[in-house]
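S.K.: Could you build the full structure based on these sequences and the hints that come with them?
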Amino acid sequence: MTELLQFVLSGVTVGAVYALVALGFTIIYNASNVVNFAQGEFVMLGGMVTFFAWQAGLPLPLAAALAILAAAAVGVALNKLAVERARGAPVVSLIIITIGASIFLRGGAQLVFDKQLHRFPAISGDEPINIGGATILPQGLWVIAGAALVFALLYVFFTRTLTGKAILATANNRVAARLVGINTDHMMTLSFALSAAIGALAGVLMTPITLTSYDLGVAYALKGFAAAMLGGMGVPAGALAGGLLLGLIEALTAGYISSVYKDAVAFIVILAVLFAMPQGLFGRKSTDRV
Amino acid sequence: MRLSSKHLTLLILAAIVLVAPLGFPSNFYYRIGSLIFVNGLAVTGLVILIGFAGQISLGHAGFAGIGAYACALAPQYLGLHPALAMLLGTALSAAIAWLIGRPILRLQGYYLAVATLGFGILVTMVLANEAPITGGPDGHDVPELGLRKLLETIGIDLSNAQFWYAFTGLFLLAGAWLALNLHDSPSGRALRALHDSEIAARTVGVDVARYKLSAFVLSAVYASLSGSLLALMNKFITPDAAGFLHSIELVTMTVLGGASSVPGAVAGAALLTLLPQVLTALQDYEHMILGLIMMLVMIFMPAGLVPSLSRLLRGRT
Amino acid sequence: MSFALRTAAVALLLGTAAPALAEIKIGATVSETGPASSLGDPEAKTLRMLVEEINAAGGVLGEKIKLIAYDDAGDPNKARTFATRLIEDDEVVAIVGGSTTGTTMSIMKVVAEAEIPFISLAGAIEIVDPVQTWTFKTPHTDRMACAKIFENMKTSGITRIGMISGSDGFGSSMHKQCLQIIGDYGIEVLVDETYGPTDADMTPQLTNIRGKEGVQAILNAGFGQGPAIVTRNYGQLGIKTPLYQSHGVASKAFIELAGPASNGVKLPGTAILVANLLKQDDPQYGVVNAYKKAYEDKNGSPASTFGGYAHDGLRLLVDAIGRAGKAEPKAIRDAIEQTKGYVGVTGIVNMSPTDHLGLDLTAFRMLEIKDGNWALAQ
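Residue numbers (this note's numbering), protein chains in the order written: chain C, 1 to 290; chain U, 1001 to 1317; chain P, 2001 to 2378.
Hints may be right or wrong, so weigh each one.
Said to hold, decoys possible - Pairwise CB distance ranges, derived in the manner of DEER restraints:
1) P:E2052 with U:L1087: 49 to 57 Å
2) C:V175 with U:I1199: 37 to 45 Å
3) U:Y1077 with C:L60: 54 to 62 Å
4) C:V175 with U:T1203: 24 to 32 Å
5) P:T2354 with C:P138: 55 to 63 Å
6) P:K2298 with C:R87: 46 to 54 Å
7) U:S1197 with C:L179: 21 to 29 Å
8) U:S1197 with C:R87: 46 to 54 Å
9) C:R178 with U:V1019: 25 to 33 Å
Unchecked claim - In silico BS3-like cross-links for lysine-lysine, where the CA-CA straight-line distance does not exceed 25 Å:
10) P:K2298 with C:K115
11) P:K2025 with P:K2066
12) P:K2109 with U:K1149
13) C:K115 with P:K2293
14) P:K2293 with P:K2370
15) P:K2252 with P:K2279
16) P:K2330 with P:K2066
17) P:K2240 with P:K2370
18) P:K2252 with C:K115
Worth flagging that the hints you see were computed from the coordinates, not collected in a lab. Even for Gly, the Cβ is constructed at its ideal location relative to N, Cα and C.
M.R.: Okay, structure coming up:
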């Protein structure tokens, strides 16, 4: 019983990290139908900029805020300099652009920062919290709270605010959105800034648990992408559910079946879900334009 | 006799393969050439899948891994000659592609991307984790193909690098010939119709599912052969050959060169194979420049290098 | 199109490889980036630093050394291409490199064909057993690390352990080699777990090890972030059985990353980790401290075991060139094979035609982390 609880706590902690990354994917996808494969680099920037700013003497909260701002600025630049300029390009070209951006950012980080592993202190210390014989780190709770908060804000944003609906409208039909007076360029910029900020927040929250380095982006982009697809791309609830589910599957497989094949089981579940529900768990049915 | 554009493309490709060695100062350049051909073969397969049929795959290196490990393992465990092992790998890849292609190809766009990605990762994990059989992440030796020795006995004396240059070059030319023929055939037209709009293709009577599956299986065969050639050429293989990064690399080559163009496939493969060699002089900036080139090409030539450039040239004349 | 590209590339490559006279060219291909960059990065930095040092001191045989170093990103296919380039195009007389076993295996095939001496920086025993004419290596084998750990366990009366290994090349190679010899020490593995190289949490695996009746110690085979996260999770779960790490824990950075839970962790380390604890009369005292100081002054990051491998690789090679009296591959190879009593950062090296490693178990010191610092274990 204690074991099960421990596996679940571990799965939820890791799953919340995946969910945060997946939520970042959601926003850009909602504004532009682009899956941004550079999303993992925002996570990396969150951790690395915070560490180096903190190392340079800034208090940790300020360093984290700086990192989130810096990532948002990079996100805006990515949109303005690359994605916006390639408007109308085939989806597969956009994939290559964001992969190119990811390689570029990683190469830059390796030059500006270094290739070492880094960590900064957790928000509420490292003393584990005991729950029925199982333990979770306070930082794990912060990650979970972060994912929940971001999810709630996004949900309200996309369903209750005009700006959020305008972003959805931009993705749905750019021309129509412009006709009803939406500044679609602003919406794109805003969504890239938001998405990058969320990615960086994920990086800030998880670094005390997972450590950070210039090249961790790929791994988290992969997991976050898989989680977002599992839940259904573009739906915040799907990203949250997909992330948590992926984390839980990994932890439970490692605990009960085999740690060797925990990632394999995760992908088998994703494949099985997609075969049964081709739009993911929470995905919307879309109709093809002829 | 007027040359069709298909024959012209093949002629130019063949001429490049034949003439390029005249400028090669050392065996290293043969090695680079053969790497371009090996990559170009897999990328030609992806041109059929992505460019003709409009389906994306982020897991095709998985088939390269199957082809590669067939050449590593079948000689050891089944006593097969490496050439037969290569055929076995091809058959295996085709069978697996046929099996998983049915459910996977019902998915669209990014859902298809993540499903194929999952397939590639599963192959990599099996290769890396079943260490007692595959050698694990540290890799496995691959036996000598033996064809070079055979050629020697009939008086054709090539260095190892020269042999592989010629051998892989032949495979690429054959692969390109097949893809170009497919492009102009009724099947090719059906594929391109479903690329533009599946629903429209279906209404004019194209069996969409069957054509998608054929393109998927065919591209898997190309990838598998490319993996086998790489393994035999290097005489050593690791699970990286099946890895996610290799899959991404292949798609990038396809799209950079021009996803719908067979000569584009070769150009894309050449560009991405040469870049790391050229950029060694700027080692610290290698990754930034690579990323920048990928972005710039896609922004300014969204259709890819070869189609965009040839349009530009045609516009001038 | 592709022809134009190729000619452009040929021109560029030729331009960068212009021959310089009176220079001894040594090649290197290491994993400066990619999944093995925590091995390859300090290796590359060490090689560049040493070549400067050696040239400043007059070079070897009166000639300067020219280092041509490439980054293979841990990809065996790239490593093979770069090895070919080093030999065919750059015309080096010897190669140092191959940060991982996979890249080393690739390079070995090229050097065997071209008959160029090669000093590998990777761990697997297969690199030197059976002995290959042209390949040598400087790191102790993973099997020796296992032996050192099992010896220590045996003297502590530990006979049943839980093992957790990284699923990357380093972890799986050490895992395999440990299992091959564990029987000789009367120790058995009750639980055998793995984790992925980029995993964020290993508590499920450690929970299983903790829950297994009779486990007296835990052994973690891995490098990079894995060992730090395993150690943190070990602390989080409040596990009391002793934790052994491997030589993949290669620098002081580990103690900081793993936090207070690292106190009490034991591992087989090289002298570089305990440079300040070496006695003045220790044969390695001078070389270890000189290297450590030079590296840390130049790079501002802690010197690591992996950098030490590269140090010994290059120094051994230069020493051999000096003894060979000429920079000619065959003569260099023979001289490397005759190396006797070379004192390196990793250990004291005695090569022979049947031993292309030349280290024994004394090269390893059993270390324990006490109060956030290294100490020699009893």
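S.K.: State for each hint whether it applies.
M.R.: Comparing the hints with the structure gives:
no.: 1; hint: P:E2052 with U:L1087: 49 to 57 Å; verdict: holds (53 Å)
no.: 2; hint: C:V175 with U:I1199: 37 to 45 Å; verdict: violated (21 Å)
no.: 3; hint: U:Y1077 with C:L60: 54 to 62 Å; verdict: holds (56 Å)
no.: 4; hint: C:V175 with U:T1203: 24 to 32 Å; verdict: holds (25 Å)
no.: 5; hint: P:T2354 with C:P138: 55 to 63 Å; verdict: holds (56 Å)
no.: 6; hint: P:K2298 with C:R87: 46 to 54 Å; verdict: holds (47 Å)
no.: 7; hint: U:S1197 with C:L179: 21 to 29 Å; verdict: holds (25 Å)
no.: 8; hint: U:S1197 with C:R87: 46 to 54 Å; verdict: violated (21 Å)
no.: 9; hint: C:R178 with U:V1019: 25 to 33 Å; verdict: violated (53 Å)
no.: 10; hint: P:K2298 with C:K115; verdict: holds (16 Å)
no.: 11; hint: P:K2025 with P:K2066; verdict: holds (5 Å)
no.: 12; hint: P:K2109 with U:K1149; verdict: holds (18 Å)
no.: 13; hint: C:K115 with P:K2293; verdict: holds (20 Å)
no.: 14; hint: P:K2293 with P:K2370; verdict: holds (23 Å)
no.: 15; hint: P:K2252 with P:K2279; verdict: holds (20 Å)
no.: 16; hint: P:K2330 with P:K2066; verdict: holds (19 Å)
no.: 17; hint: P:K2240 with P:K2370; verdict: holds (16 Å)
no.: 18; hint: P:K2252 with C:K115; verdict: holds (15 Å)
Of the numbered hints stated above, those contradicted by the structure are hints 2, 8 and 9, listed in ascending order.
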